[in-house]
Amino acid sequence: MNAPVKKRIDEIKSQGYNIDFGDVFNQTIENYKKIAMYGGLVLFMFFVVFILGLAGIFAVIFGTDEALTILKAEDFRPENLDLYGYLIVLLISIAIGTLVSPFIAGLFKMAHNADKDEEFHVSTMFHYYKSPYVQEIIIASFLIGVVDSFIRGVINYAEIPLLGAVLSTILSLFTFLSIPLIIFGNLKALKAIETSIVIVAKQPFILFALLIIGIIVVCLGIFACCIGILFTFPFIYSMSYIIYKYIIGFPENKEEVVPTNFESL
Numbered sequence: 001m002n003a004p005v006k007k008r009i010d011e012i013k014s015q016g017y018n019i020d021f022g023d024v025f026n027q028t029i030e031n032y033k034k035i036a037m038y039g040g041l042v043l044f045m046f047f048v049v050f051i052l053g054l055a056g057i058f059a060v061i062f063g064t065d066e067a068l069t070i071l072k073a074e075d076f077r078p079e080n081l082d083l084y085g086y087l088i089v090l091l092i093s094i095a096i097g098t099l100v101s102p103f104i105a106g107l108f109k110m111a112h113n114a115d116k117d118e119e120f121h122v123s124t125m126f127h128y129y130k131s132p133y134v135q136e137i138i139i140a141s142f143l144i145g146v147v148d149s150f151i152r153g154v155i156n157y158a159e160i161p162l163l164g165a166v167l168s169t170i171l172s173l174f175t176f177l178s179i180p181l182i183i184f185g186n187l188k189a190l191k192a193i194e195t196s197i198v199i200v201a202k203q204p205f206i207l208f209a210l211l212i213i214g215i216i217v218v219c220l221g222i223f224a225c226c227i228g229i230l231f232t233f234p235f236i237y238s239m240s241y242i243i244y245k246y247i248i249g250f251p252e253n254k255e256e257v258v259p260t261n262f263e264s265l
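According to the working numbering, the sequence shown is numbered sequentially starting from 1.
Please keep in mind that the hints were generated in silico from the structure rather than gathered at the bench. Each hint should be verified, as a subset may be incorrect.
Simulated restraints, written as ranges between beta carbons of each label pair [as the list claims (entries may be wrong)]:
no., residue 1, residue 2, range
1, Pro4, Ala95, 32 to 38 Å
2, Lys116, Leu220, 25 to 31 Å
3, Ile216, Pro4, 31 to 37 Å
4, Ile104, Lys202, 22 to 28 Å
5, Leu163, His121, 39 to 45 Å
6, Cys219, Leu162, 16 to 22 Å
7, Ser172, Ala95, 34 to 40 Å
Cut-off 25 Å, straight-line C-alpha distance, at most; resulting in silico cross-link-like pairs (SDA-like, lysine to any residue) [stated by the list, open to error]:
no., residue 1, residue 2
8, Lys34, Ile170
9, Lys245, Phe21
10, Lys116, Leu43
11, Lys33, Ile160
12, Lys33, Ala95
Just so you know, these numbers come straight off a predicted model, no measurement behind them. Quick reminder that beta carbons are idealized off the backbone N, C-alpha and C, glycines included.
Between the sequences and the hints, there should be enough to build the whole structure, so can you do that?
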């Protein structure tokens, strides 16, 4: 971890921080305008490949007919699966989330490049697959995915789906800065998750309100023939990036510290 980031995190732990809702929102809009079209097109291509790949995996595991039934939105519910099927779906979801996480990190890099008025390309979205950060990104995403799946599994077993959604939302809120802390702050996976929780705990309500607004903006894409959501989806990552920039910031005259090794606080 670079010294300015460590110093800033220490300040947040001891003194907290202030964050202006309107300023963050306005900066997010400006950042999103720069990446919306490009990010949306890349996400569209990725989504098509992802769906075809997912359908193929389900067909191999469950058989074609059952896979088609499972993948139908109206039928895709835990109660429609036996224990074996449910565990397989959980494992697949964790594996997919983990493997896709460096791609998601690419959205943060795209937002960062746009913020610095630097060029970005299709390769930007895949930058972290060949980065020194890839291991920590994958570990953090895997751990969060396992905890989220465990919570959902227990709650579904108890047949209280609303509680599961609430707990999953809380987990997402308190860990949403984990990847930015890894790729911009040079933290290891566990320390990034821990630090994200500490940061969010200082201002949970305003951060929750910002992310809810972000999610609403993303959902507006549904009205553009549904596929529009792929073009509004980058908004939530622009917002997360701006929140990180607003709270942590970046070392002077440096965009991103490429690590030779990771350090802990």
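We went through each hint and held it up to the structure:
no.: 1; hint: Pro4 / Ala95: 32 to 38 Å; result: holds (36 Å)
no.: 2; hint: Lys116 / Leu220: 25 to 31 Å; result: holds (27 Å)
no.: 3; hint: Ile216 / Pro4: 31 to 37 Å; result: holds (34 Å)
no.: 4; hint: Ile104 / Lys202: 22 to 28 Å; result: holds (24 Å)
no.: 5; hint: Leu163 / His121: 39 to 45 Å; result: holds (43 Å)
no.: 6; hint: Cys219 / Leu162: 16 to 22 Å; result: holds (19 Å)
no.: 7; hint: Ser172 / Ala95: 34 to 40 Å; result: violated (19 Å)
no.: 8; hint: Lys34 / Ile170; result: violated (30 Å)
no.: 9; hint: Lys245 / Phe21; result: holds (14 Å)
no.: 10; hint: Lys116 / Leu43; result: holds (22 Å)
no.: 11; hint: Lys33 / Ile160; result: violated (40 Å)
no.: 12; hint: Lys33 / Ala95; result: violated (32 Å)
In the structure shown, a violation is registered for the earlier hints numbered 7, 8, 11 and 12, in ascending order.
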